[in-house]
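Listed below are the residues making up each chain.
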Amino acid sequence: MKLHPLRKLGFVLVLVLIAGPVLFPFVWMLASSFKTQVDIIAWPPRFLFSPILENYRKVFQEQNFLKYFINSSIVGVTAVAFSLLLGLPAAYSIARFKQKKLSVLILVARLMPGISFLMPWYIIFSRLKLMDSYAALILSHMLIALPIVVWIMSSYFETIPVEMEESAMVDGATRQRAFLSIILPVSSPGIVTAVTLSFIFSWNNFMFSQVLSMERTKTLPIAVYNFVSYAEVDWGAVMAAAVAIMAPAIILTMIFQKYVVKGLTMGAVKG
Amino acid sequence: MRKSGILERHLNVLFPLPAVAFVVVMMVFPVLYTLFLSFSNWNLTSGMPFALVGFRSYLRVLREPRFLDALGRTFSFTALALTAETLLGLGLALLLNRKFRGKGFMKLILLLPLVATPVAIGIVWNLFYDPTIGLANYVLSLFGLPRQAWVSGAATVIPSLALVDIWQWTPMITLIVLAGLAGLSPEPYESARVDGATGPQIFFRITLPMIAPTLLTAMILRAIDVLKTFDIIYAMTGGGPGYASETLNVMAFKYSFEYFRMGQSSVVLVFLFLLVLTLSALIMRLRRRFEL
Chain A
0 MKLHPLRKLG FVLVLVLIAG PVLFPFVWML ASSFKTQVDI IAWPPRFLFS
50 PILENYRKVF QEQNFLKYFI NSSIVGVTAV AFSLLLGLPA AYSIARFKQK
100 KLSVLILVAR LMPGISFLMP WYIIFSRLKL MDSYAALILS HMLIALPIVV
150 WIMSSYFETI PVEMEESAMV DGATRQRAFL SIILPVSSPG IVTAVTLSFI
200 FSWNNFMFSQ VLSMERTKTL PIAVYNFVSY AEVDWGAVMA AAVAIMAPAI
250 ILTMIFQKYV VKGLTMGAVK G
Chain B
0 MRKSGILERH LNVLFPLPAV AFVVVMMVFP VLYTLFLSFS NWNLTSGMPF
50 ALVGFRSYLR VLREPRFLDA LGRTFSFTAL ALTAETLLGL GLALLLNRKF
100 RGKGFMKLIL LLPLVATPVA IGIVWNLFYD PTIGLANYVL SLFGLPRQAW
150 VSGAATVIPS LALVDIWQWT PMITLIVLAG LAGLSPEPYE SARVDGATGP
200 QIFFRITLPM IAPTLLTAMI LRAIDVLKTF DIIYAMTGGG PGYASETLNV
250 MAFKYSFEYF RMGQSSVVLV FLFLLVLTLS ALIMRLRRRF EL
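Protein chains in written order, with numbering that gives the first Met the number 0: chain A, 0 to 270; chain B, 0 to 291.
Note that these hints are calculated values from the structure, not bench results. Since this is a predicted model, take the numbers as computed values, not measurements. There could be a bad hint or two in this list.
To spell it out: a stretch of chain B is covered by chain A in this simulated footprint if at least three of its residues, at any positions, have a beta carbon under 8 Å from a beta carbon of chain A; those stretches are [claimed, not checked]:
#	region
1	17-29
2	50-56
3	62-74
4	98-110
5	182-190
6	201-207
7	220-234
To give a feel for the contact side, a few chain B residues facing chain A, derived at Cβ under 8 Å [said to hold, decoys possible]:
#	residue
8	G4
9	F38
10	L126
11	Y137
12	L139
13	Y242
Straight-line Cα separation of at most 30 Å, DSSO-like style, residue types lysine-lysine; simulated pairs [as the list claims (entries may be wrong)]:
#	chain 1	residue 1	chain 2	residue 2
14	B	K106	A	K57
15	B	K106	A	K128
16	A	K257	B	K98
17	A	K7	A	K257
18	A	K128	A	K7
19	B	K102	A	K257
20	A	K257	A	K57
21	A	K66	A	K128
22	B	K253	A	K66
23	B	K106	A	K7
24	A	K257	B	K253
25	B	K253	A	K7
Glycine residues also receive a C-beta, built at the ideal position from the N, C-alpha and C atoms.
Using the sequences and the accompanying hints, generate a full structural model.
Spelled out as structure tokens, the structure:
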């Protein structure tokens, strides 16, 4: 069916009207990160300006953002890795043995407000002298990553026909062998989805690190937040910091777009 | 037939055991501990000895206007954001539910707010909302409208914060509904067209009933997340001006980590997770009902 040219133009206009407001804050953030403070506080706001790199220099040299980048990566990567280790067998078991109660437990873990564990954690980790340690942060971020891994992977394993491991088991392999060498390799799309999403949610988490980390293990969201609480906001540098923190999540999303969409929408649509 | 080993015979217990143990230690135990603390007077700054006081902390919190205000505000913030996100999200999905060039790119654009760091997003919006240099007031001035205080005004702070949530999470509803629409069978539409049904008739009689379970689940998931909104509120206003944007989550955070009134903060937390548990139970009902 061919659309009338006018209607086609109308549809393009609709697309622009949707994409514009969604993209604008990103564009403004990026533009402001290249502005001087004078350009930022100018009235009326300046849409044309001569770009500078000074803000990024400030963020990475004076504010030492590289350290927070490394902290966020250590916490995110380790939490996701351990979540896979615990989550993949659990997800397999939930899918194959129809363990409804366990899947409810995991769903509750995904939905519970983080702060309801944070206060007890704060008390316990203080007693154990684990405040400002990677261990405490990684454990807390695992509670973000593990439910995502189990949630996504148990639905994924359900789509794999049981015959796959049964034929291996007839040939003499144990079930755990079949899981490791047959089921896991064909599940890589699901694993990519789970890893990408759980890493992004760990990367973006603010509340846990705000309480459990201090100078040594501070993660990026806290560094960006502390940056603003100075007396006079250095907007250009703050925007550069915002760009820096969002860049990895956005790049990951661009690379794994299909997986991210699937992971985010499967909560409500049978995946 | 080979004999199965211990691991294999008990795989259904041993495989999920580490994950379950982790969730019990890190979630179930802390939640029970919070419940226990809610019956205490524990306060790290008062110097009073720890004592179990039954429901006294509950009575104190329930009588406090600050708590009741926060409760009401949590509901109005959630209602505002959720209504707008549902209507807008559904509308956008219906508009985009066709084949066109660049659809994948459009989906990528919609994904960006969902993966953006909320704290950083809050700060970017604070720059928009800045009363003297912000774009928001500039746009108003272009239309000859008076300047607003946005997040610095007690009357405007909740809608202004809700707008940020709406910007960030409407695409979630859109993407979920789009995925739901893609799975619909074309038959009812064909017969409707044969019968000469109009656009609104098709929407209300066919599309809406068929995607209702998907939409409803998406709405409850959103409702739970909006109820828990913390990052953007804390980063943009810290609950202010005054207490004007303090929701239950923000209030519990301040009671725990700024005033160290552990007993009372536990009471607030108990209310918060009762709310969340009720909504979660609703989701599970729906999933069973529609076999989602």
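How the hints compare with the structure:
1. 17-29: holds (count 9)
2. 50-56: Three-residue rule not met by the region 50-56 of chain B, so violated; n is 0.
3. 62-74: violated (count 0)
4. 98-110: The restraint on the region 98-110 of chain B holds, since 9 of its residues have a Cβ under 8 Å from chain A and three suffice.
5. 182-190: violated (count 1)
6. 201-207: violated (count 0)
7. 220-234: As far as the region 220-234 of chain B goes, the hint holds, because 8 residues have Cβ atoms under 8 Å from chain A.
8. G4: holds, 7 Å
9. F38: violated, 14 Å
10. L126: holds, 6 Å
11. Y137: This interface hint holds because 5 Å falls under the 8 Å limit.
12. L139: violated, 12 Å
13. Y242: violated, 17 Å
14. K106/B / K57/A: Cα-Cα ~34 Å, so violated.
15. K106/B / K128/A: violated, 46 Å
16. K257/A / K98/B: Roughly 17 Å separates the two Cα atoms, so the pair holds.
17. K7/A / K257/A: holds, 26 Å
18. K128/A / K7/A: Cα-Cα ~64 Å, so violated.
19. K102/B / K257/A: holds, 12 Å
20. K257/A / K57/A: Roughly 36 Å separates the two Cα atoms, so the pair is violated.
21. K66/A / K128/A: holds, 23 Å
22. K253/B / K66/A: It holds: about 28 Å lies between the C-alpha atoms, which stays within 30 Å.
23. K106/B / K7/A: Roughly 19 Å between the alpha carbons, so the hint for K106/B and K7/A holds.
24. K257/A / K253/B: violated, 39 Å
25. K253/B / K7/A: violated, 53 Å
Hints 2, 3, 5, 6, 9, 12, 13, 14, 15, 18, 20, 24 and 25 from the earlier list are contradicted by this structure; the remaining hints agree with it.
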